Amino acid sequence: IRYRTRDLTRLLPGTARPGMRRLQRCTGRTDDMMIVRGGNVFPTQVEELVVGVPGLSPYFQCELSRPGRMDELTVVVEAGTHLDEQTRSSLAAALSIRIKDRIGVSATVRVVPPATIERSLGKARRIVDHRRG
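In terms of the numbering used here, the sequence shown is residues -11 to 121.
Because the hints were derived from the structure by calculation, they are not lab data. Owing to the predicted nature of the structure, the values given are computational and were not obtained by experimental measurement. Even for Gly, the Cβ is constructed at its ideal location relative to N, Cα and C. There could be a bad hint or two in this list.
[Unchecked claim] Mimicking SDA-like on lysine to any residue, the simulated pairs with C-alpha atoms at most 20 Å apart in a straight line are:
no. : residue 1 : residue 2
1   : K111      : E51
2   : K111      : M22
3   : K111      : P46
4   : K111      : R13
5   : K88       : P42
6   : K88       : M21
7   : K111      : M21
8   : K88       : Q33
9   : K111      : S45
10  : K88       : N28
11  : K88       : G27
12  : K88       : R76
13  : K111      : V64
14  : K88       : V64
15  : K88       : I23
16  : K111      : Y47
17  : K88       : E35
18  : K111      : E35
19  : K88       : I115
20  : K88       : P46
21  : K88       : D59
[To be verified] Ranges between beta-carbon positions, derived for each pair:
no. : residue 1 : residue 2 : range
22  : R57       : R113      : 22 to 32 Å
23  : E73       : E36       : 20 to 30 Å
24  : P42       : R9        : 35 to 45 Å
25  : P42       : R10       : 34 to 44 Å
26  : T69       : L11       : 38 to 48 Å
27  : G27       : T(-3)     : 16 to 26 Å
28  : T104      : G7        : 43 to 53 Å
29  : K111      : T(-3)     : 12 to 22 Å
30  : G40       : A112      : 11 to 21 Å
31  : P1        : M58       : 40 to 50 Å
32  : R9        : D72       : 51 to 61 Å
33  : H118      : E73       : 17 to 27 Å
34  : K88       : R5        : 39 to 49 Å
Required output: the full structure, derived from the provided sequences and hints.
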């Protein structure tokens, strides 16, 4: 972690030049991190899993809520094409299992029709936090 910039990276073996350590490419930012039921979740982790499921598009959002005492994560992801309800349901179940296995956090997954998630010209809005006020 590079504390002043909040970049997530790691030191690589060797040196870039005398007295300078080599850094891996930036893998994310600490201010993008979500804490869900005590586990740290990054949108980039979810993105890797979303793009690994055939039939899903790379457009997704992580919605955080706290209906009771525990935080809940819902991943809303667009289908790649118009799919029937049964196919969307099976894709959602597959992604939910992958999230639990790889990240260690239970998540509800909703697969929505294409072009449902709002697009932006700048940075994509990956986290929607309903826990605050």
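Of the numbered hints stated previously, which ones are contradicted by the structure, given in increasing order?
none
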